[in-house]
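A.B. asks: Could you use the hints to bring the two separately framed chains together as a complex?
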Amino acid sequence: MEKIHDTVIIGAGAAGLTAGIYASRSNMDSVLLEKFVAGGQAALTSFVENFPAFPDGISGYDLMENMRKQAANFGLEMKTAEVTAITKNKDVFSIETKSEEIKSCTIIICTGVRPRKLNIPGETELFGRGISTCATCDGAFYRNMEVAVIGGGDSALDEGIFLTRFASKVHIIHRRDKFRAIPPLVRKAEENPKIQFHTDTIVTAVNGVNSVESLSLKNVKTEAVSTLKASGVFLYVGLIPNTEMFKGMLELNKQGFIITDTNLATSVDGIFAAGDVCDKPLRQIITAAGDGAVAAYSAGKYLEMLE
Amino acid sequence: MSKPIEVTDDTFQATVLENSLPVVVDFWATWCPPCRILGPILDEITDDYAGKAVICKVDVDNNQALAQKYSVMSIPTVLFFKDGEIKEQFVGALPKDQIAAKIDAIL
Chain F
1 MEKIHDTVII GAGAAGLTAG IYASRSNMDS VLLEKFVAGG QAALTSFVEN FPAFPDGISG
61 YDLMENMRKQ AANFGLEMKT AEVTAITKNK DVFSIETKSE EIKSCTIIIC TGVRPRKLNI
121 PGETELFGRG ISTCATCDGA FYRNMEVAVI GGGDSALDEG IFLTRFASKV HIIHRRDKFR
181 AIPPLVRKAE ENPKIQFHTD TIVTAVNGVN SVESLSLKNV KTEAVSTLKA SGVFLYVGLI
241 PNTEMFKGML ELNKQGFIIT DTNLATSVDG IFAAGDVCDK PLRQIITAAG DGAVAAYSAG
301 KYLEMLE
Chain E
1001 MSKPIEVTDD TFQATVLENS LPVVVDFWAT WCPPCRILGP ILDEITDDYA GKAVICKVDV
1061 DNNQALAQKY SVMSIPTVLF FKDGEIKEQF VGALPKDQIA AKIDAIL
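Protein chains in written order, with the working numbering: chain F, 1 to 307; chain E, 1001 to 1107.
Isolated chain E (complex conformation) (with noise of 0.2 Å):
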């Protein structure tokens, strides 16, 4: 199974935001347990858009600028990218269809 690119703070112009590919960022930390929750649903999703969608993590702790620049305030925050515009977001776990549903929705 592949795993989300982790991204950090000095990755995250070129990976994130000028990426070709709808991504997807999950902001989490190690000690958060929805993150750890909502990381194998993230694995699974990396695996079915293959090619088509790009899913990355950016650890909040080592990476605090980042949370800083999207305000993100409760974890996990995820963010939906495309042409570097956030396009939809969504805070705290939700089930594989529904975040499926959002990549969907953008590709």
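Looking at chain F on its own, in the form it has when it is part of the complex (with noise of 0.2 Å):
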């Protein structure tokens, strides 16, 4: 007879692995599917200081290695696997990926964010060559030049502050007047002198010629448009939930976050949703984690429910 688990993780940034921590480590029969490999957005981030238990602060890519190793002494089994259907027959699910199907009595969604693009002209051509989503790698290379960094949230000043070791000038293009960062990291920004906002402005256009020379600005109040020199461009213009494959499946909210109660059930039983993916107000590794561990806890309390 076919083999169905108990639980099926779809993901496995810091919600994912921590899940799957907890499944198997209260023996449930769990398998975690990841389409790239283990780490999510987490693995990307240089450093990180508000983790707790780690004083000194630790690498993301460190941070997330650890947790794959504890998920791994549990016995999770963890497979390269990009799922491509959910279907339900009674209270079995199938989870199709491009290699198998696969059959769990529940699935906990921890499939995360991506970052947004800006759809402007030059943005695909020049990605790599001057437009960059990530300063710790790239700043080094800007070394007395002019930068430009889009957006306004705890990223975008936090990457713009750190620019400033390089870059001559760091110009922050925000379409709003107002930042959704943090106030403490806005004043040490404003406090700066190395840093130039630009409020109530978008950038509609990269220029250049194999790399970047200049963006096109338009100020959303008065309309003017102006031409702004920078040789490179950092992007941190708010995350997109990974959600495409669950529409018209679960409830999402109109930004295609997936709704859950308390108990991080969606609108299907059996179904669970952990992590960045959710509707939340905060977003962070150390939240990613509890909700996995809800997750997997509620996971577990329907299987009991279903015997």
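Calculated from the structure, these hints are not laboratory results.
Glycine included, each C-beta is placed from N, C-alpha and C at the ideal position.
There's no promise every hint is true.
Here are the computed lysine-lysine pairs in the DSSO-like style, where the Cα-Cα straight-line distance is at most 30 Å [what the hints assert, rightly or not]:
| id | chain 1 | residue 1 | chain 2 | residue 2 |
| --- | --- | --- | --- | --- |
| 1 | E | Lys1096 | F | Lys247 |
| 2 | E | Lys1069 | F | Lys194 |
| 3 | F | Lys98 | F | Lys88 |
| 4 | E | Lys1096 | F | Lys98 |
| 5 | E | Lys1102 | E | Lys1052 |
| 6 | E | Lys1096 | F | Lys69 |
Computed list of chain E residues with no C-beta within reach of chain F, every gap over 10 Å [to be verified]:
| id | residue |
| --- | --- |
| 7 | Met1001 |
| 8 | Asp1009 |
| 9 | Phe1012 |
| 10 | Thr1015 |
| 11 | Asn1019 |
| 12 | Ala1065 |
| 13 | Lys1082 |
C.D. replies: Listed below in structure tokens is the structure:
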């Protein structure tokens, strides 16, 4: 007879790996599916200072590698596979990947988010040729040059401040007049003499041949257009939930994040969601990990109810 | 497991440009998170393509002339060479099968 797992976890970021730790430690027959490599967005973070129990901070890569090892130590089965379809027959889900079909009584969705793009002229052509989404990686290439950071959240300001180590000037371009970033970060940026703010301003094009030379800007209040000379552009314009395949299946909010109850149950019995992919006020590594624990516990309770 | 060949400003010509096999060159640095994600994937590819393609790494901190010559402004940047010419390239970490497909296309 075909094997039916207790739970299939989709996505191996902080939420998925923690769900995996909790599920496998409580002897649930669990499989974790990840389309790329374990670690999620957190593994791309150069340095994590706010995850408890690391008083000196830890690199995002090392933190996530530790989580992966911890899950593996409890015997969690991890596979590299992209889920292509999910169907439910009575109380059993079929999870299809490119190479196989896996059956499970519950699913924990931890597919996370990805960086938003601007979809403006020049963005695709000049990506990696002056346009970057990783200031830690690429900041050092812009020693004594002018760069622009686009966005108004914590990441935009944090990375903008970081870039002042290298760049002669950092232009922070934000489409509103108020910043979403936490006040101390905004203050720190305002006090930095190398940072110049361009608020109420959007970027309409990135210009250059083979490398970034300038940005086309437009003030959304006055409609005034201008050109800003810059050799580098760093994008921090928000996040898109990876929920395209759940549209029409699960209840999502307007932005596409999955709506859950306090037990992290979704609108479909047996499907739970955890981490950044959920509709929630704070998206951090610690909140994703917390979600993973709750979702695994809830999936376990649901299984008891089925039996 | 084999490791990619560490190439420098001095050895690039002989190892990459004059190689009779296709050569994959990863421009990277120790402190770049996506480079660390790509590292183990390229280690596996080095084994998979032994004898068919050569996988190399250039540390951009120690080999700035090369990074400049190839206008590397983001890392990781991966260039695919054949007969001394760039045939394909990408920026950022990619899954193994996508990288393999790019090598297969120039074999």
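A.B. asks: Now tell me, hint by hint, if it's right for this structure.
C.D. replies: Evaluation of the provided hints:
About 28 Å separates the Cα atoms of Lys1096(E) and Lys247(F), which keeps this hinted pair within 30 Å; it holds. About 29 Å separates the Cα atoms of Lys1069(E) and Lys194(F), which keeps this hinted pair within 30 Å; it holds. Taking the CA atoms of Lys98(F) and Lys88(F), the gap is about 18 Å. The hint holds against a cut of 30 Å. With a CA separation close to 15 Å, the supplied pair Lys1096(E) and Lys98(F) stays within the 30 Å bound.
At most 30 Å may separate the alpha-carbon atoms for a hinted pair to count; Lys1102(E) and Lys1052(E) meet this at roughly 13 Å. Proposed proximity of Lys1096(E) and Lys69(F) is supported: the alpha carbons are some 21 Å apart, at most 30 Å. Distance to chain F confirms Met1001(E) as a non-interface residue, since its nearest Cβ pair spans about 16 Å, more than 10 Å. Separation of Asp1009(E) from chain F is adequate, the least Cβ-Cβ distance of about 17 Å exceeding the 10 Å criterion.
With a minimum CB-CB distance of about 19 Å to chain F, Phe1012(E) clears the 10 Å threshold, and the non-interface call stands. Consistency note on Thr1015(E): stated as away from chain F, and its beta-carbon is indeed over 10 Å from all of that chain's, at 23 Å minimum. At the 10 Å boundary, the C-beta of Asn1019(E) stays outside the reach of chain F, the nearest C-beta of that chain being 24 Å off. With a cut of 10 Å on Cβ distances, Ala1065(E) stays outside the contact zone with chain F, its closest approach being about 14 Å.
For Lys1082(E), the non-interface assignment is confirmed: its Cβ lies about 21 Å from the closest Cβ of chain F, beyond the 10 Å cut-off.
Violation of the numbered hints given earlier is absent; every hint is satisfied by the structure.
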